[in-house]
Amino acid sequence: VSFTTPSLAASAQASAAGTQILMVRAQDTQTVEPDVDISESTDLDAPWIVLVWNDPINLMSYVSFVFQKLFGYTKEKADLLMLDVHEKGRAVVSSGPREKVELDVFRLHEHGLWATMQQDS
Amino acid sequence: MRRRRQQGPVEPVGNGMFLINLSEQDRATMAGFVEQLEELLLSDISDPRLRRLFPVAYHDDPERDAEYQNYMHDELRQSRAGSIAIVKEVLGHTEPITESQLHGFMIVLNSLRLVLGTLLDADESTDTDDIEESDPLFGQAQLYGYLGWLLEWTVSALAGE
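Order-wise, the sequence lines are chains A and B.
So for the first sequence, this note's numbering puts the first residue at 1; every next one is plus one.
So for the second sequence, this note's numbering puts the first residue at 1; every next one is plus one.
It is worth saying that the hints were derived from the structure and are not from the lab.
It is possible that part of the hints are untrue.
As the list claims (entries may be wrong) - With a Cα cut of at most 25 Å, we get these calculated DMTMM-like pairs of lysine to aspartate or glutamate:
no.	chain 1	residue 1	chain 2	residue 2
1	A	Lys75	A	Asp45
2	A	Lys88	B	Asp123
3	A	Lys75	B	Glu39
4	B	Lys88	B	Glu39
5	A	Lys100	B	Glu161
6	A	Lys69	B	Glu132
7	A	Lys75	B	Glu161
8	A	Lys69	B	Glu39
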């Protein structure tokens, strides 16, 4: 993303012409289901993990900042996790008991990240 | 050499406060888009434009996910509505805002961007400059690019960079 000032004019014009800018039907392409190998037998006591999946929309700087803010990670650690997500398609960003992990997923969703949880195998 | 952030649209002004340097016209335009997002959030959960705002939580367990969505979906909707209320207030004046308000601003910029990215079916190679003026999604593409620019500055200000 460039740091030169873009203009809101074109989007404003579309809007002034009566276009509801969000009122277009989204592409019918479905979100690709994560292809993940789930262990068949899960240990009830095994900890839960939060996975963040790569997505083409969220900015890298934004994703790293959210990791720092939500989990208190250093910039270095957050950047590494973000790069893992970007390059390997996903990364484990936190773990713990189910309730804690559900809250982590919720907070990541609040920030628009594509996060899911599963029991560690 | 001037520091880049002093020329940007989001500027730290000390004491944990920030200024959003947007023209009155851009503020009004943004406020209009934020209102559209607010309306969109009232749509049915199955609306494809909301796909990225309300993702699954349990990717390998539909039953648990249904249970999760049952009690978390409304909470997530309310959280988004709360951030939108903050942004509508912030765009309505030019006074310095708190870090927490700027954080809400960041979340809303990103939410709008997620909806537009879904509409545009954006991928990592999407360059909004390549979308022609004659394209029916030209306005959306321009806004998508604009929001990315504003979001970079917002993150950079919040991260203290």
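In ascending order, which of the hints set out earlier in this document are inconsistent with the structure? 1, 3, 5, 6, 8
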